[in-house]
Amino acid sequence: MRPETPGMASRRPSRHLIFNAFCHNIIDRQKADSMKRKINLTINGKSFTDEVEPRMLLIHYLREVAGFTGPHIGCETSICGACTVALDGKAVKSCTMFAVQADGREVTTIEGLATNGQLHPVQEAFWNEHALQCGFCTPGMIMTSKQLLERNPHPTEEEIRHGIEGNLCRCTGYQHIVNAVKAAAAKAGA
Amino acid sequence: MIPQNFEYSAPGNLRDALALLAGGNAKVLAGGMSLIPLMKLRLAAPEHLVDLGRVADLKSIREEGGTIRIGATATHYDIESSPLVRGKCPLLAEAASNIGDVQVRNMGTIGGSIAHADPAADYPASFLALEAQVRIASAKGERTVTIEQFLVDALTTALEPGEIVREIIVPVEPANAGVSYQKMVQPASGFAIVGAAARVRKSGGKVAFVRVGVTGLAAKAFRATGVEKLLEGTSGSPADVQKAAAVVSDGADANTDLHASASYRLQMAKVYTARALTQALSRAS
Ligand SMILES: Cc1cc2nc3c(=O)[nH]c(=O)nc-3n(C[C@H](O)[C@H](O)[C@H](O)COP(=O)(O)OP(=O)(O)OC[C@H]3O[C@@H](n4cnc5c(N)ncnc54)[C@H](O)[C@@H]3O)c2cc1C
Ligand code: FES
Ligand code: FES
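Protein sequence lines, in the order shown, are assigned to chains X and U.
Once you know that position 81 of the first sequence is 81 in this note's numbering, the rest is easy, because the numbers rise by one and skip nothing.
Once you know that position 78 of the second sequence is 268 in this note's numbering, the rest is easy, because the numbers rise by one and skip nothing.
Simulated from the structure, these hints should not be mistaken for lab results.
Accuracy of the hints is not assured; some may be wrong.
Said to hold, decoys possible - Cut-off 16 angstroms, straight-line C-alpha distance, at most; resulting in silico cross-link-like pairs (EDC-like, lysine to aspartate or glutamate): (1) X:Lys46 x X:Asp103; (2) U:Lys419 x U:Asp440; (3) X:Lys36 x U:Glu197; (4) U:Lys217 x U:Asp247; (5) U:Lys330 x U:Asp206; (6) X:Lys90 x U:Glu270; (7) U:Lys460 x U:Glu418; (8) U:Lys410 x U:Glu338; (9) X:Lys90 x U:Asp268; (10) U:Lys278 x U:Glu253; (11) U:Lys433 x U:Glu418; (12) U:Lys330 x U:Asp343; (13) U:Lys230 x X:Glu53; (14) U:Lys396 x U:Glu422; (15) U:Lys230 x X:Glu76; (16) X:Lys36 x X:Glu51; (17) X:Lys90 x X:Glu106; (18) X:Lys38 x U:Glu197; (19) U:Lys330 x U:Glu350; (20) X:Lys182 x X:Glu129; (21) X:Lys36 x U:Glu338.
Predicted, not measured: the structure shown is a model, and the values here were computed from it.
Next up, chain X with everything else stripped away, as it sits in the complex:
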């Protein structure tokens, strides 16, 4: 801990400064409110309409406003892929996108994959092949793997590894994830 230095008291903000900051805060909030925009999007087949600040990231909208906590926040710096969702069928990192960009579009999160309690084939393959340990990366990993198989139903091992490059896993060492993607491909081909 830093010792209290002489002159410290004089560095405390004066009442005047606090009042100023308070006013600015109100002005900022009013400005932010006036910047808000109405968005309407479909998430997992359901329509959502909300007013959001343009700076709200899609991942924050999904988790905090719409209540879909399946997509995770891992790095928040566009690297780990834990936040991956499908936007109009394309895998995207929802931490690197504003919610307003998704206006009028269709978002699918991990919660939207199972139908009538039946796991999606990629989810099932992750289960069967033990493709997860802590599970933190799994929602993103599955969304990316799903995209990979949609574009290339019979990928080679190398193509699988190239396809999931944007998703990091700190637990599995990837081998079981690659196995799961292979198994899902084989099952779809059978």
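Since the structure of chain X is already known, use the hints to place chain U with the ligands on it.
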């Protein structure tokens, strides 16, 4: 990580987009793959973003008079998967497929990449080897510049306030040409530590045409004319390739960063240029 607040517009056509940008206060948002990370770190804090994502026709990829014209908001995925680009400008498809990861390629655009002018970006090597042209638009009109005029310095381009990249124009590759893009990958981000793009044509057992572009090595990507001159007219033997590639770094002011020192980059530029030339030659007929 929450960016500073901003006003957001999503115009549906080019004219409206250019009018919004004309004031000079607004910044373009395309795929957001470079801009949003900067905004989250508050290294960028634009007051107003004009999203080009909904501008009709800015995404098209078409062939016209011996050239392929790629709209600024075509994504890296649109480019790597376009039958037209794969068939008639395979170098660009190869470069696009090497960018980042699938999520980045689904969102990131060719116009955004070139406007951002990251010294480690993949496309510039290919653009230089292709002698690409950049069509620029603003509310005042249009102009077309060469890629060499466009790339001014690291993160600096010839774009003036209010201007956007509208199209990238590349030539249709002759069927007998061979091309290759070889990249030393920075494993965390996927960016190029160095990347070399080569186009070659053979005629009568000799190398008749060579173009080489290099990215990642210096503050801006450059065309390696020294390499081209040395290889042209030779039989394209492995020894010829090595000799030509050896001069790629001549005169280059190489970058140093945490991933690679300048001397390592200079050496790797030679290795990757030789690899690109070798593969391009093996693909040429
Ligand atoms: C995890 C990750 C890995 C990556 N790996 C690579 C890689 O390996 N190789 C590589 O080359 N790149 C890589 N990138 C960068 C990526 O290619 C970006 O997509 C690209 O650099 C920016 O394109 P964008 O459409 O996303 O532009 P944005 O981020 O939206 O914009 C970037 C800049 O360009 C301006 N701009 C955008 N479009 C236009 C236009 N039409 N006219 C004028 N100005 C415009 C914006 O105002 C902004 O200043 C990576 C990015 C991430 C997040
Ligand atoms: S949280 Fe989005 S990429 Fe890591
Ligand atoms: S299972 Fe723990 S991060 Fe992948």
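Holds or violated: lysine 217 of chain U to aspartate 247 of chain U, with C-alpha atoms at most 16 angstroms apart: Answer violated: lysine 217 of chain U to aspartate 247 of chain U is near 20 angstroms, above 16 angstroms.
Holds or violated: lysine 230 of chain U and glutamate 53 of chain X, Cα atoms, limit 16 angstroms. holds (14 angstroms)
What's the verdict on lysine 330 of chain U and aspartate 343 of chain U, does the C-alpha distance respect the 16 angstroms limit or exceed it? Violated: lysine 330 of chain U and aspartate 343 of chain U sit about 25 angstroms apart, past 16 angstroms.
Given the proposed pairing of lysine 230 of chain U with glutamate 76 of chain X, does the C-alpha separation stay at or below 16 angstroms? holds (9 angstroms)
Between lysine 36 of chain X and glutamate 197 of chain U, is the straight-line Cα distance small enough, at 16 angstroms or below? It holds: about 8 angstroms lies between the C-alpha atoms, which stays within 16 angstroms.
So if I understand the rule, the pair passes when the alpha-carbon distance is 16 angstroms or less; does lysine 419 of chain U with aspartate 440 of chain U pass? Holds, at about 13 angstroms.
Quick one, are lysine 90 of chain X and glutamate 106 of chain X close enough, alpha carbons at most 16 angstroms? holds (10 angstroms)
Below or equal to 16 angstroms on CA atoms is what counts here, so check lysine 460 of chain U against glutamate 418 of chain U. At roughly 13 angstroms apart (the allowed maximum being 16 angstroms), glutamate 418 of chain U and lysine 460 of chain U satisfy the hint.
For the pair we were handed, lysine 36 of chain X and glutamate 51 of chain X, check the Cα-Cα distance against 16 angstroms. holds (6 angstroms)
Tell me if the straight-line CA distance from lysine 278 of chain U to glutamate 253 of chain U falls inside 16 angstroms. holds (9 angstroms)
Between the alpha carbons of lysine 396 of chain U and glutamate 422 of chain U, is the straight-line distance 16 angstroms or under? holds (8 angstroms)
Proposed proximity, glutamate 338 of chain U with lysine 410 of chain U (alpha carbon, max 16 angstroms): holds (10 angstroms)
Hints 4, 12, 21 from the earlier list are contradicted by this structure; the remaining hints agree with it.
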